[in-house]
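S.K.: Please model the complete structure; the sequences and the hints are all you need to start from.
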Amino acid sequence: MRPGSSAGSRPPARSRTAARTRYLAQALAPLRLIFHDRLATTGVVILGAVIVMALAAPLVATHDPRAIVERAEASWMTFDDGEWRVRTALGLDPLYDLDVRAGEAIAVGASGLALRHQADAWTPLPLATDATLWSVALGADGALAVGDGGAVVWYGDGPPLAATLGDADLLGVTWVDDGAAALIVGAGEAVWHLPLAALHEGVEALEQRATRLPSPVGRGLLLQAVAADVDGSAIAVGERGLALRWTPGEAPGSAGTLQPLTLPTFRGFNGLHVDQDSGRALIVGERGTLLRREGPDARWVEDPPPDTRALRGAWIGPDGQAWAVGRNGVALAFDGTTWRRDATGTERHFRAVVVVEGRTVAVGSDPFVDKLAPPSSVHWFGTDHLGRDLFSQNVYGSRIALLVGFLGAALVVLIGTNVGLFAGYFRGRTDTVLMRIVDVMYGIPFEPFAMILVLLFDPSLLIVILAISLLTWRTVARLIRSQVLSLSERPFVKAARVAGASDLRILYLHIAPNVLPLVFLELAIILGASIIAEATLSFLGLGPPQSISWGGILHNARLSGAWRTAWWWNVPPGAFIMITVLAVFFISRALEVIANPRLRTR
Amino acid sequence: MSRTYVLRRGLQAIGTLLVIVTILFFLFRLGLPDPTGALVTEGLSPEDRAAVRERFGLDRPIMEQYVIYLGNIVRGEFGTSFHYKAPVANVVWEKFANTMVLMLVAIAIAYLLGIPLGAYLAWKRGTRSDTTGIVLGLMFRSAPMFWTGMMAVLLFGVALGWLPTSGMRTLPYEAATFFDKIFTLDFLRHLIMPALIIALFYLGSPLLIMRNTMLEVYGEDFIEMARAKGLRERDVLYRHAARNALLPVITQLAVTIGLAAGGQVVVEVVFSWPGLGREILQAVRTSDFPLAQATFMLMAVLVIVMNFLADLLYGALDPRVKLR
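Residue numbers (the working numbering), protein chains in the order written: chain A, 1062 to 1663; chain B, 2 to 325.
These are computed hints drawn from the structure, not numbers from a lab. There may be inaccurate statements among the hints.
If you anchor each label on the Cβ, the simulated ranges turn out as follows [what the hints assert, rightly or not]:
| hint | chain 1 | residue 1 | chain 2 | residue 2 | range |
| --- | --- | --- | --- | --- | --- |
| 1 | B | Thr287 | A | Thr1399 | 20 to 28 Å |
| 2 | B | Pro117 | A | Ile1112 | 33 to 41 Å |
| 3 | B | Ala160 | A | Leu1188 | 40 to 48 Å |
Idealized CB from N, CA, C, for every residue including glycine.
M.R.: Right, dumping it as structure tokens:
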């Protein structure tokens, strides 16, 4: 017999320790066999990787798993073949406006971003300012963009020209006087009249020749948008239902005058578009406000909206077809009689919509919660229904799985081995009582019992571990007992007893090391079972609350109802569970061969 | 196998059941606060609440409640479900049948496939197909069933639209009896996916047990003898070795059937199968004590009975096993 040879006599303390070490080393020696099995080696490598992932979760995870991820980008989407398609973002700065003229379009956005769109491709224009540009108007000679802090940028023939017009934020711009002047509106009811000639003369002329028109309302409200009307006048709209009509002056070179305009609602207005051929017009605003005019002299009618979220961009065509876009991916279309909401499959906030060469194009987007986003280079496993990064959740999920797995398995093996040792060694009444308890345990189905336990006591990590370990030790106890039954008849046990060793000494120093391979085998099997059990409980919503686990991710997916479409949400957690448990099973197979040498065939 | 052994084992099984019933009673009564909270509508006056407690006997001492409870169980009365307001037995039997029809089909598939496959793998031990078989069997065992179930729903239900994804029948339907309900093509279409998911999970167990016992049996003399007689390897495999290796698999089968009722809560949840597992989850969530208890008890009885049968079967099938 391998162990136990030195147990009877009482050698000096030092060599006793050495003997004990050697003795344990001998007992553990067969574990090296694991590395002779290719599958088991694979298992060790995979399990090692998962353990490293769990330990180093903060380093491996790309995001905070609980943080709701917000993202801003130069989004654009096109309406092709009856559906909206979000196109590859053009950068990280949101786009705020888009204007079109003769097949060419220009978009402007945050940090002075300006892009020219031609034949489905975008080319950046040179940066002239770092201020946010809110609006752009394309004219015959070039494009005029306006933005924060009175920023004005002129993209003409030469290099771009940047200037400042007052200090108010400028939010809207349009061409008036047959393209001879621009009308600019902004915060504090600011309305500027800027002759085109000034743009050709340079910065100083521009600042001198622009005229600020006095507002007839004088409440300091925000003017959001301005558009030229077909009769040569212009309409400006803003917050709290503010609307102004600009009429050109009689004398040449006059800046014109402003009158209040009454519209049938007092909701805030965000966007405005007038079709220059038919005189049809559309104003959009807060809470799904849609104001439509069928012709130059027709009355403004308020349409019932199919969605009541804020609308930002408006477009109406000569045939009466209209488009409106807004926050959270809202895109509305008007076919001449009714408005409908089109699915965009995105939560991006859109700011402007135009029809360029027969194709509808919308741009955005302010920081938006990236909900249910499919996998991308930023979110490797996509995001969930709250916009949280799923890769990071999966990484952190390994912690609970391994924690519950290892703690549960250790507890199970601890209880099971001891019960088995005692029952097998002492026999008689001890054995009967312990084995009857084991029989009772075998009569209890695991899942329902764990469910009842978790629900009777508040769900917590401890209860989950207890639910797993209270029942599963039954198998270990039976196995160890049968092994101990035969071991305790062996000569080395009798020898130890004759030498005067106590029962506990025989049990733990002589018999226990001989069942160690079996214990390790059970440890591995139960580790796999615990990981699945924890995932199962979490999947049923009975796991520790507020914790992130693989089963919990799947529970959220089912609860949200989005799991039928968001495959990236469902696939990884299950795959992680499978791979981890599989690795453990591979290892356990090698351990089985060690525990039961008869399986060592070839 | 003597008659006294059967009797002794039978008495043990009854004792086990009694212990479980007792644990269950005290776990429920002591583990949960005032059960009237689940029973009566909120805002009921204390007097009415007391009346409800009295009607259900919840005001008596706990030991008296326990004795009444035991008496009721012996008489086969499991009380009235708080939720269904109907006798628990009526509710439970239908769910039990629903679960068993699913589980038995699944287990049958698993064992009918697993046993020959396991024997085949043992025959091919050490080869590439052996390794592949083991890895596949272990993979199905490692993948949690709620996940494979969800994947199957996504693939065959949502993406391909071949199979229905929830329930036992397409609603609405009319069926006078249980057999009316299950002997239809529609039921089969609902059954395929959950049954296969469970079968795949269970497949690993007969497969690996069969393979391992086959390897043990292969080392024995009578196999050498059969070979020496000049029998074809196929005959040695299936007629001599496999028969003798079947024993542990059959025991495992009995145990598996026993565990079937408590079986696969998650699969029933994923496929909205109106079975016992979903019922117990619902019952515990709504603090429906009588229903949860009866459900749990039914599961435990089945486990105990099948464990008992497994023991007897082992003795009957293997003449070498001498049972005292």
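S.K.: Are the hints correct? Go through all of them and say.
M.R.: Quick rundown of the hints versus the structure:
no.: 1; hint: B:Thr287 x A:Thr1399: 20 to 28 Å; result: violated (45 Å)
no.: 2; hint: B:Pro117 x A:Ile1112: 33 to 41 Å; result: holds (38 Å)
no.: 3; hint: B:Ala160 x A:Leu1188: 40 to 48 Å; result: holds (46 Å)
Taken one by one, the earlier hints fail for this structure only at number 1.
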